[in-house]
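Residue numbers (full-length UniProt numbering), protein chains in the order written: chain H, 1 to 290; chain Y, 1 to 236.
Rather than coming from a laboratory, the hints here were simulated on the basis of the structure.
The structure displayed is predicted, hence computed values, not measured ones.
Heads up, a few of these hints could be off.
[As the list claims (entries may be wrong)] Going by beta-carbon spacing under 10 Å, a handful of chain Y positions derived as facing chain H: (1) A84; (2) M94; (3) L183.
[Claimed, not checked] Take a look, some chain H residues computed to stay more than 10 Å from chain Y by CB distance: (4) G109; (5) T129; (6) G167; (7) L274.
[What the hints assert, rightly or not] Each pair of labels, with its calculated beta carbon distance range: (8) S162/H / K115/Y: 17 to 25 Å; (9) G87/Y / K79/H: 42 to 50 Å; (10) T122/Y / P91/H: 43 to 51 Å; (11) I80/H / E86/Y: 51 to 59 Å; (12) S162/H / G87/Y: 27 to 35 Å; (13) G87/Y / L154/H: 34 to 42 Å; (14) S139/Y / G61/H: 42 to 50 Å; (15) L158/H / K72/Y: 24 to 32 Å; (16) H84/H / E86/Y: 48 to 56 Å; (17) D9/Y / R187/H: 57 to 65 Å.
All C-beta atoms, glycine included, are put in the ideal place defined by N, C-alpha and C.
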Amino acid sequence: MFLQQLINGISVGGIYALIATGYALIYSLLGFSNWAHGEVAMFGAYIALTLVTRLSSPFLGALAFGILAAGVASVLNEKIAYKHIRDKGSPTMFLMIAAMGISTTYQNGAMVVFGPKFQMFPSMFDVTTIQLGSVSIGILDVISLITSAIALILLELLVNKSKVGLGIRTVASNSYTASLMGININRYFSLVFLIAGLLAGSAGVLLGLKYSVYPTMGNVGLKAFIASVLGGLGSVRGAIIGAIIIGVLETFVSGYLNSGLRDLFTFGLLILILLIKPSGLMGVDVEDKA
Amino acid sequence: MGQSLLKVDNLSAAYGGIKALNNVSIEIEEGKIVSVLGSNGAGKTTLLKCICAAMKPTGGTISFRGKPLPNKPHEVVKAGLTHAPEGRQILANMTVMDNLMVGAYLRNDKAEVKKDLEYAFTLFPRLKERQKQYGGHLSGGEQQMLAICRALMAKPSLVMLDEPSLGLAPIIVSQIFDIIKELKKNGTSILLVEQNAYKALSISDSAYVMSVGSIVKQGSAEELLADKSLTEAYLG
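Could you put together the complete structure from these sequences and hints?
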């Protein structure tokens with residue numbers, strides 16, 4: 001039982017991590033909380049679902065297209081809204097408010113276009129389980145665990161070992177210096193929104209497969225935000241650790257206590273970390289958490 | 001007369017409505033060290049910011065090797081002009097090595113970059129010892145060395161140094177000025193902005209003196225050193 005819960009928790013945490021890392025990347029570059037990030041995940045899930053159910057597209061192709069659509073949506077958010085605010089030299093608070101507006105637009109847009117109902121993907125794997133000794137794990141949990149692990153490892157390698165990653169870290173550290181070193185910072189902003197969008201899209205599709213697709217499913221972005229604060233805002237590695245802690249905590253609370261208490265524990269953990277170590281577990285020192 | 005490298009013509013700039021540069025013209029020839037001197041608020045840093053395109057001038061032209069200089073910072077670097085900016089702007093949460101590699105960001109000749117890195121380490125042995133440390137953990141003098149070294153990693157034809165002596169102990173300042181002389185020997189042209197006029201003139205070929213946004217004097221280093229009025233106003 002314990003081991004099974006633990007694996008489920010890590011699997012859920014992995015999905016949170018896909019959102020939280022993109023969130024952390026954007027925060028580290030632009031210094032604002034992108035509240036529309038969860039909605040990008042929702043958008044990807046709806047695109048994949050529509051392709052599967054309405055247009056009966058091949059299953060994996062539809063999922064891939066949904067992920068891609070989320071990446072594009074994320075870049076468009078940046079190009080249409082955030083870039084203009086930045087170019088005007090407005091305070092980062094304006095970016096956060098714009099993000100809230102975008103988030104509401106996506107949610108209401110989804111409500112109008114797809115309707116308020118919870119919708120399911122046609123069942124593909126959820127009945128199948130893998131038996132390992134006394135532990136039985138849903139095949140979907142295994143797939144989701146492997147997918148997030150691969151995506152997160154690739155992200156780590158990209159950020160820390162490649163030249164593109166050196167550019168990302170430089171822009172995150174000081175975008176003025178980055179431009180003086182010959183780095184085209186606007187290209188990096190777009191790139192990071194693309195990466196974050198693709199990761200969020202993957203999370204959206206996985207959540208859609210595991211649970212269901214609905215207009216406010218992007219609220220999972222809040223969990224990612226907490227994961228990111230827990231791990232240290234702006235730190236990619238911290239976001240992964242924070243997300244897994246929250247995933248495991250939620251699964252254990254649901255499994256051993258009561259699933260209604262889940263959010264109580266998650267938010268309680270947020271308050272606790274803000275009291276004890278506001279910069280987060282792996283945090284670089286940041287002043288405001290707008 | 002050597003080949004003209006950078007030519008700034010009648011450049012003006014303002015912060016909001018407040019004029020910071022007023023028809024400033026300077027010229028730098030290939031292989032020379034040219035200083036821009038003046039007290040605080042004279043507009044020296046603003047001049048550099050306009051050249052490296054971090055700030056938009058309100059008038060005038062800047063040309064580099066006879067062609068207009070691009071107006072985006074990353075394209076200026078591509079053209080061959082780099083900048084060790086005011087306040088050093090070290091990437092504090094990245095290692096010394098990362099800082100240097102970012103300097104070489106636009107280069108794809110890995111072997112050459114490695115050779116230049118070795119050369120940089122012979123100029124600044126301290127940086128070699130500290131290559132794995134975070135930029136933010138270096139002392140002021142080491143950070144200044146890192147800023148200069150990083151600006152050189154792009155292999156520029158002209159490097160602009162904004163007050164390399166600021167806040168440093170005299171012995172470190174002397175070391176840094178020796179290195180600037182060394183760079184000139186290797187064919188890099190240098191635009192040096194300094195408050196420490198005497199020190200700057202001692203290594204410069206020529207210099208401009210700025211006051212409240214305008215060039216008030218120009219000439220060869222010897223002429224300016226011999227100029228009594230200048231000595232009184234700026235060399236104290």
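Taking the hints in turn, this is what the structure says about them:
{"no.": "1", "hint": "A84", "result": "9 Å, holds"}
{"no.": "2", "hint": "M94", "result": "6 Å, holds"}
{"no.": "3", "hint": "L183", "result": "18 Å, violated"}
{"no.": "4", "hint": "G109", "result": "35 Å, holds"}
{"no.": "5", "hint": "T129", "result": "45 Å, holds"}
{"no.": "6", "hint": "G167", "result": "7 Å, violated"}
{"no.": "7", "hint": "L274", "result": "22 Å, holds"}
{"no.": "8", "hint": "S162/H / K115/Y: 17 to 25 Å", "result": "22 Å, holds"}
{"no.": "9", "hint": "G87/Y / K79/H: 42 to 50 Å", "result": "31 Å, violated"}
{"no.": "10", "hint": "T122/Y / P91/H: 43 to 51 Å", "result": "45 Å, holds"}
{"no.": "11", "hint": "I80/H / E86/Y: 51 to 59 Å", "result": "35 Å, violated"}
{"no.": "12", "hint": "S162/H / G87/Y: 27 to 35 Å", "result": "29 Å, holds"}
{"no.": "13", "hint": "G87/Y / L154/H: 34 to 42 Å", "result": "36 Å, holds"}
{"no.": "14", "hint": "S139/Y / G61/H: 42 to 50 Å", "result": "57 Å, violated"}
{"no.": "15", "hint": "L158/H / K72/Y: 24 to 32 Å", "result": "25 Å, holds"}
{"no.": "16", "hint": "H84/H / E86/Y: 48 to 56 Å", "result": "29 Å, violated"}
{"no.": "17", "hint": "D9/Y / R187/H: 57 to 65 Å", "result": "31 Å, violated"}
The earlier numbered hints that this structure contradicts are 3, 6, 9, 11, 14, 16 and 17.
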